[in-house]
Amino acid sequence: MSSGDGDGVSVGAGDGAAGAGAGGDRLAEAVAVMARIRRDGRWESEQTHASLLPYLIEESWELVDAVADDDRDELVSELGDLLLQVLFHAAIAAEHPERPFDVQDVAGALLDKLRRRAPYWFTGESADLEAAEQDRVWQEAKAAERAGRPPRGVVDGISWDQPALALGQKVLGRARSAGIPDDLVPDEMRTVRVDPVGAFHESGSAEVAYRQVVRRFADLVRVAEARLPGPVAGATADDWRAAWPA
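Using the working numbering, the letters of the sequence shown correspond one by one to residues 1 to 246.
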């Protein structure tokens, strides 16, 4: 593995834990190999959660390409590269002096979340639930987890560093879920202009231009939310219109 190729680690049947191989537990072997790489690799031992983020983002987009191309071989490869990133971050986390955790803790956190939000997968009831009911159970459990915490705003908790189109879609989805009527959503939130000359924005970047549009809309949402007469959960379309900044 190196800092520049993004191809991940190639694990052979002879590497890793004893007894792991083509007929053994390949995931356990990968975990063992990653621990050794983290310990002995010169570049790998110097990495941090922050320094690995560009590779995580790159691998995620390469997975998107594999799905778009419907390339099964490439899909396996890119999922493996993404798994490498998970194992790498877990190996780094295991070294924390005060609050260490490892890949078993990561898997445990996933299982705990599934038991809270989708208990039907552990009781055999999943076959009887429609998708809408599954979503309702998930959202109610998610809300229960936040009980006692300050209410989360409509656009709170969004990753603002994600690509602009994904960011816009996320913000629009939150707005729709909150009951913000469509007539309050500006046309510029629904239309992305791509101009090779860049005359429509001083940056010359459609990414930057649309990101600024999304952020301006999110600011309007925050202002209106603060003006609502009651909680967001009970706000009507007319409540949003009355609270919306002029």
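Note that these hints are calculated values from the structure, not bench results.
Just so you know, not all the hints are guaranteed correct.
Claimed, not checked - In the DSS-like style, the derived pairs of lysine-lysine whose C-alpha atoms are separated by at most 30 angstroms in a straight line are:
#, residue 1, residue 2
1, 142, 113
2, 170, 113
3, 142, 170
Hint-by-hint comparison with the structure:
1. Among the hinted pairs, residue 142 with residue 113 is consistent with the structure: their alpha-carbon atoms are about 9 angstroms apart, no more than 30 angstroms.
2. At roughly 22 angstroms between alpha-carbon atoms, residue 170 and residue 113 fall within 30 angstroms of each other, so this suggested pair holds.
3. Between residue 142 and residue 170, the direct Cα distance comes to roughly 18 angstroms. Compliance with the 30 angstroms bound is thereby established for this hinted pair.
Consistency with the previously given hints is maintained throughout, with no hint failing.
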